[in-house]
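Peer 1: Here is what each chain is made of, one letter per residue.
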Amino acid sequence: MTDLADLTVAAIRAGVAQGSFTAREVAEAFNANVAAAQDALNAFIVATPEQALEAADRVDAARAAGQPLGKLAGVPIGMKDLFATFDVQTTAASHILEGFRPQYESTVSQKLWDAGAGMLGKLNLDQFAMGSSNETSYFGNVVSPWRRAGDTAQLAPGGSSGGSSAAVAARLCPAATGTDTGGSIRQPAAFTGITGIKPTYGRCSRWGIVAFASSLDQAGPMARDVRDCAIMLEAMAGFDPKDATSLDLPVPEWEAGLSADLSGKVVGIPREYRMDGMDGDVAKSWDDGIAWLKDAGAKVVDVSLPHTQYALPAYYIIAPAEASSNLARYDGVRYGLRDLPAGAGLQDMYAATRAAGFGDEVKRRILIGTYVLSAGFYDAYYTQAQKVRTLISHDFKSAFSQCDVILAPTTPTAAFALGEKSGDPLEMYLNDVFSVPASLAGLPAMSVPAGLNREGLPLGLQIIGKAFDEQGVLNAGLAIEQRVGFVAKPERWW
Amino acid sequence: MSDDALDRMVPELNQILDWVEQLGSVDVTGIEPMTAVIPNTLRLRDDVVDADPLTGGNRRDAVLANAPAAEHGFFGVPKVIE
Chain A
1 MTDLADLTVA
11 AIRAGVAQGS
21 FTAREVAEAF
31 NANVAAAQDA
41 LNAFIVATPE
51 QALEAADRVD
61 AARAAGQPLG
71 KLAGVPIGMK
81 DLFATFDVQT
91 TAASHILEGF
101 RPQYESTVSQ
111 KLWDAGAGML
121 GKLNLDQFAM
131 GSSNETSYFG
141 NVVSPWRRAG
151 DTAQLAPGGS
161 SGGSSAAVAA
171 RLCPAATGTD
181 TGGSIRQPAA
191 FTGITGIKPT
201 YGRCSRWGIV
211 AFASSLDQAG
221 PMARDVRDCA
231 IMLEAMAGFD
241 PKDATSLDLP
251 VPEWEAGLSA
261 DLSGKVVGIP
271 REYRMDGMDG
281 DVAKSWDDGI
291 AWLKDAGAKV
301 VDVSLPHTQY
311 ALPAYYIIAP
321 AEASSNLARY
331 DGVRYGLRDL
341 PAGAGLQDMY
351 AATRAAGFGD
361 EVKRRILIGT
371 YVLSAGFYDA
381 YYTQAQKVRT
391 LISHDFKSAF
401 SQCDVILAPT
411 TPTAAFALGE
421 KSGDPLEMYL
431 NDVFSVPASL
441 AGLPAMSVPA
451 GLNREGLPLG
461 LQIIGKAFDE
471 QGVLNAGLAI
481 EQRVGFVAKP
491 ERWW
Chain B
1 MSDDALDRMV
11 PELNQILDWV
21 EQLGSVDVTG
31 IEPMTAVIPN
41 TLRLRDDVVD
51 ADPLTGGNRR
61 DAVLANAPAA
71 EHGFFGVPKV
81 IE
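Note that the protein sequences, when read in sequence, are chains A and B. Residue numbering for the first sequence follows this note's numbering, beginning at 1 and increasing consecutively. Residue numbering for the second sequence follows this note's numbering, beginning at 1 and increasing consecutively.
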């Protein structure tokens with residue numbers, strides 16, 4: 001019999017609809033994989049096998065009764081633990097929110113349940129989504145299911161959506177939610193040989209997502225292939241009056257619109273992304289990608305994004321500034337941790353709670369953010385960074401006057417080992433060099449597998465599109481996917 | 001934060017701030033700081049009570065459900081009046 005946990009979202013949905021297997025059988029298969037991998041991979045903070053089964057039973061009952069089935073009927077998914085889920089612990093991988101059980105459901109997760117999906121559990125991540133390796137979680141590192149050939153060193157699954165990437169790559173779920181502030185969907189997808197798309201800022205409601213940097217945060221799906229991402233994104237996106245920056249636009253039928261024929265399309269290659277000392281395998285994968293897109297009918301042109309080198313420093317002012325403001329709400333009064341030393345007053349309680357509840361990376365960013373927003377430095381840092389952000393956005397507008405999508409590597413290297421970069425915050429930040437510019441400009445961007453490097457680790461190619469043109473991004477991704485023939489998956493050692 | 005933690009973090013913060021200094025060299029003459037990455041107009045909701053029951057009133061128990069100390073329908077805090 002087919003291993004149900006090896007099926008894609010599209011195949012699960014079709015199989016359930018046709019009666020080849022039941023939704024319950026699918027949920028059971030994934031529940032078993034989740035439980036078997038937990039000790040080794042630590043991808044989940046909380047597993048919710050009963051919820052997965054209950055959702056599956058509802059789908060099986062609906063099918064038996066001849067009722068119409070949703071877009072994700074019978075598909076169990078993993079939910080990044082940044083999305084508030086009703087009465088299920090939601091922590092953002094922090095100590096300060098440990099035990100927090102929301103009394104409401106995030107818009108994106110509710111949409112997924114309404115489409116017939118079930119929840120396998122809450123996925124581990126970098127604390128408050130701050131990190132690129134999933135080493136800042138209070139609940140321990142996530143370990144990538146991938147290993148270098150002939151080596152057992154533990155590798156980073158990427159971050160911040162590292163639980164999501166590890167779980168999809170290890171077949172613990174067919175798809176997962178992610179969130180992307182500076183690359184947190186694309187970088188982990190690239191590190192684990194899966195596909196992930198960050199849509200245009202505002203496509204997915206931020207309501208009920210624990211806030212990190214509100215002008216950048218955007219939810220998106222992570223799955224095994226482009227079609228599955230399109231299916232998931234259709235279910236997740238849509239206008240929400242509860243999010244002031246939600247886009248009041250209809251949700252396109254991205255799945256139905258998929259086409260790998262790129263005739264008449266122009267792909268831009270940004271020359272500033274070709275950096276000195278670039279990893280040879282990454283450079284080769286980029287060249288391969290160019291050849292594949294040409295083969296799909298696209299014309300390839302050079303474009304320039306002149307302010308690329310300033311994107312990272314601008315991001316590391318803007319994101320911490322917004323984080324320092326957003327995270328002011330954790331005070332030990334309304335929810336989450338309270339640390340009340342004997343005889344302490346209110347101010348002491350705030351300080352003790354925040355000292356005990358936040359990890360080092362979160363404290364670092366709160367301190368930087370507070371500093372760059374302070375009265376004497378606001379213009380020199382924050383206003384200057386927001387002006388540079390405008391210039392970066394102009395760069396993309398001008399490039400998109402010559403092309404339809406932009407192709408670049410997702411990351412400067414394949415996955416690094418856990419511990420390899422965690423001692424040097426700045427070196428860790430530099431890992432986001434290719435993903436941050438599209439985030440600053442609010443553009444849709446996706447990572448698709450581009451093959452393996454000489455160590456047997458996956459590499460990702462990134463496609464950046466015009467605002468609102470997720471379809472163009474997905475289609476270019478599909479063209480690459482059909483040509484790369486990526487079938488590698490991590491060998492099961494856990 | 002403890003002195004130990006500060007000793008560790010101060011050089012890291014200085015390193016990060018030194019690195020972001022490079023933004024000062026960008027010519028931003030005539031450039032407006034970005035306020036909205038995707039142009040969007042802020043909406044007004046209908047001026048009615050409890051337009052969305054989920055975020056409206058009469059949800060005291062749900063609001064207090066996760067409070068570390070909830071007493072008599074209020075958030076409990078240490079004494080604030082000397």
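Source of the hints: derived by calculation from the structure; they are not laboratory data. A virtual CB, placed ideally from N, CA and C, is assigned to each residue, including glycine. Worth double-checking, as some hints may not be accurate.
What the hints assert, rightly or not - Derived coverage of chain A by chain B (criterion: at least 3 residues anywhere in the stretch with Cβ under 8 angstroms from a Cβ of chain B; other residues may be distant):
hint, segment
1, 62-71
2, 194-206
3, 219-230
4, 243-253
5, 259-272
6, 280-288
7, 399-408
What the hints assert, rightly or not - From chain A, some residues computed to sit far from chain B (all C-beta separations above 12 angstroms):
hint, residue
8, G19
9, A40
10, T152
11, S215
12, G277
13, V303
14, R338
15, A344
16, G345
17, L346
18, D348
19, R354
20, A355
21, V484
22, K489
Peer 1: All the hints need checking, so say for each whether the structure fits it.
Peer 2: Here's how the hints hold up against the structure:
Using a Cβ-Cβ cut-off of 8 angstroms, 0 residues of the segment 62-71 of chain A lie near chain B, which falls short of the minimum of three, so the contact claim is violated. Check result for the segment 194-206 of chain A against chain B: holds, 3 residues qualifying (beta carbon to beta carbon below 8 angstroms, three or more required). Judged by the Cβ-Cβ criterion of 8 angstroms, the segment 219-230 of chain A is not covered by chain B as claimed, because only 0 of its residues qualify and three are needed. Look at the segment 243-253 of chain A against chain B: 4 of its residues bring a Cβ nearer than 8 angstroms to a Cβ of that chain, three or more, so the hint holds.
Residues of the segment 259-272 of chain A with a Cβ under 8 angstroms from some Cβ of chain B number 0, which does not satisfy the need for three, so the listed coverage is violated. Evaluation of the coverage hint for the segment 280-288 of chain A: breached, as 0 residues show C-beta separations to chain B shorter than 8 angstroms, against a requirement of three. Residue count for the segment 399-408 of chain A with a Cβ under 8 angstroms from a Cβ of chain B: 0. That is fewer than the three needed, and the coverage hint is violated. With a least CB separation of 37 angstroms from chain B, A/G19 remains clear of the 12 angstroms interface cut-off, as annotated.
The Cβ of A/A40 sits about 31 angstroms from the closest Cβ of chain B, beyond the 12 angstroms cut-off, so the non-interface label holds. Distance to chain B confirms A/T152 as a non-interface residue, since its nearest Cβ pair spans about 30 angstroms, more than 12 angstroms. With a minimum CB-CB distance of about 6 angstroms to chain B, A/S215 fails to clear the 12 angstroms threshold, and the non-interface call is violated. The beta carbon of A/G277 sits about 18 angstroms from the closest Cβ of chain B, which is more than 12 angstroms, so the claim that it is off the interface holds.
With a least CB separation of 20 angstroms from chain B, A/V303 remains clear of the 12 angstroms interface cut-off, as annotated. A Cβ of chain B approaches the Cβ of A/R338 within 12 angstroms, the least distance being about 4 angstroms, so the stated non-interface status is violated. The non-interface label for A/A344 is inconsistent with chain B: the shortest C-beta to C-beta separation is roughly 6 angstroms, within 12 angstroms. A beta-carbon of chain B comes within 12 angstroms of the beta-carbon of A/G345; the shortest separation is about 6 angstroms.
Taking the minimum C-beta to C-beta distance to chain B, about 5 angstroms, the non-interface status of A/L346 is violated against the 12 angstroms cut. Under the 12 angstroms C-beta cut-off, the non-interface status given to A/D348 relative to chain B is violated; the minimum distance is some 8 angstroms. A Cβ of chain B approaches the Cβ of A/R354 within 12 angstroms, the least distance being about 9 angstroms, so the stated non-interface status is violated. Some Cβ of chain B comes within 12 angstroms of the Cβ of A/A355; the nearest lies about 6 angstroms off, and the non-interface call is violated.
Here A/V484 stays apart from chain B, with its beta-carbon at least about 31 angstroms from theirs, past the 12 angstroms limit. With a minimum CB-CB distance of about 36 angstroms to chain B, A/K489 clears the 12 angstroms threshold, and the non-interface call stands.
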